[in-house]
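Protein chains in written order, with this note's numbering: chain A, 320 to 563; chain B, 1128 to 1344.
It is possible that some hints are incorrect.
Partial pick of chain A residues on the chain B-facing surface, computed with a CB cut under 8 Å [claimed, not checked]:
{"no.": "1", "residue": "V340"}
{"no.": "2", "residue": "V344"}
{"no.": "3", "residue": "A357"}
{"no.": "4", "residue": "W438"}
Reference excerpt, derived from the structure (chain A facing chain B, CB under 10 Å, subset only) [to be verified]:
{"no.": "5", "residue": "L346"}
{"no.": "6", "residue": "A352"}
{"no.": "7", "residue": "K413"}
{"no.": "8", "residue": "T416"}
It should be emphasised that the hints constitute simulated quantities derived from the structure, not laboratory data. Just so it is clear, the structure is predicted and the values come from calculations on it, not from any experiment. All residues carry an ideal CB built from backbone N, CA and C; glycine is no exception.
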Amino acid sequence: MLRTTSVDLVSAQEPTKRVPVGRRVFLGVTGLAALGVAFGGSIQNFLGNAFGSGLGGLLPGGDRFRIYSITGEYPKIKDSDYRLKVSGLVHHPKTFTLDDLKAMPVTSFTKTFQCVTGWRVPDVAWEGVLLSDIMDAVGIRDEAVALTFESYDRSDTESLTIDQARLSDVIVAYRMLGAPVTTEHGGPVRLYVAPMFGYKSLKWLSAIRVVDRVQPGFWEQNGYPVNGWLDGTTGPTNPDPSLT
Amino acid sequence: MTVTQTTTHHVVRVMRFDRVQRAAHWANAALFGALMFTAIPLYFGSFFGVVLPRHLIEQIHLWCGLALPIPIIVSLLGPWGRGMRRDVRRVNAWTRQEIRWLQTRGRSPLEADKFNPGQKLNAIFIGAVILIMLVTGSMLQWFRFFSVSLRQGATFVHDAFAFAIFAVVIGHITMAITHRDALRSIFKGWVSEQWAAVHASRWLTETRDGDGSPDAR
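With the rest of the complex left out, here is chain A (with noise of 0.2 Å):
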């Protein structure tokens, strides 16, 4: 190269000279993509626990409720006809109305709502009664090994062995983020299984049957694991305490 003044100037704003720009944005933007995969989950986490829930609500992607459905549809009942069967190894079978399962001893608890896909909302409101409540009022068998429950929606089912049952985390919910459990949510009246990924946590629960063995759900019968305890084990009990 000529190291003459005139070229240095020329040099100076020289207009051919190419910077790689688009190959630096699209490492950049990726390599932030790949930051927030790595740790996306430890933020959303830290910020719902030192804002509440709200602020992730505002976030895209934060704190909020994906809603699934099975059928695409919503099954719609009035509170008025709702009826919860529980039949199958008991002594005393019953249909609960809803005033009949308000009218027993509540329950309520804020806990998380944890997909298996990925997505949670933290801090719920949670409010009914407890499943091993239930199966008191109804005097299970002894031959009883599990519960099968049943959807309005006519294809989800889903099943929980009768120790899971019992745990005291495991409600039939009839309130929910402090209002009563709405259709999307699956109201009138819904399954939650506290220390299991979202999908146990049945929707629209129609029915209750005791068997004497486990019947693998809807989900189950697609893949997903029977017992779907949130720490990734798969055992029908979970050794870790802190899930229950």
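The hints should help you fit chain B onto chain A, whose structure is shown.
Chain B only, in chain A's frame:
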């Protein structure tokens, strides 16, 4: 020939997008459109069930997502991809002047390339999000191979970039329909030489000179 004299209209046409590029653009746009259209009911649950059953919406979203990189890859890698490859190099390589133009948001002088810095940024962004959405979307579809923490991160990134994509695509379409000459070139391939002289002067000079510049044939 890239520069064609059309005597009837006294408009000199300059080729901006060849057939392969136009086909790639519209295939890509159709996939983005289908993905964005199906994303809305998937994200805002209360919309679904109105038009199509959710299962069908999911399947459309999944398959369009998997097909997303195909138009770009096929149009770049084939023997027909010369125009695409040249423009990728243009989008990558920026002059100092272009960087400054972007930093001053268009207030500094610019001897414009075939694409101005804003258009280049749009292309880079779309290229990056195709990769990002494909990877994070696949993580959500085949979630069993990933820890809950990574699934949560993938959900976060997929959603955050979805918002960004809506903003950028709406901006892109707004710019397109308010700039008719440029818009015509993605349908018919050519821009007028007058337009190029104003909006892509450096590119026009290179094209005219034919000094080994990318668009000279």
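Each hint, compared with the structure:
With its C-beta approaching chain B no nearer than about 4 Å, A/V340 sits inside the 8 Å limit, and its interface hint holds. At about 5 Å, the closest approach between the beta carbon of A/V344 and any beta carbon in chain B falls short of 8 Å, and the interface hint on this residue holds. For A/A357, the interface hint holds, since its Cβ comes within 8 Å of a Cβ in chain B; the closest pair sits about 6 Å apart. Hint on A/W438 holds. Least Cβ distance to chain B is approximately 5 Å, under the 8 Å limit.
Because the smallest distance between the Cβ of A/L346 and any Cβ of chain B comes to about 9 Å, under 10 Å, the interface hint for this residue holds. Contact between A/A352 and chain B, as hinted, is supported at the beta carbon level, the nearest pair being about 4 Å apart and thus within 10 Å. Contact between A/K413 and chain B, as hinted, is not supported at the beta carbon level, the nearest pair being about 33 Å apart and thus beyond 10 Å. With a least beta-carbon distance of about 27 Å to chain B, the hint placing A/T416 at the interface is violated under the 10 Å criterion.
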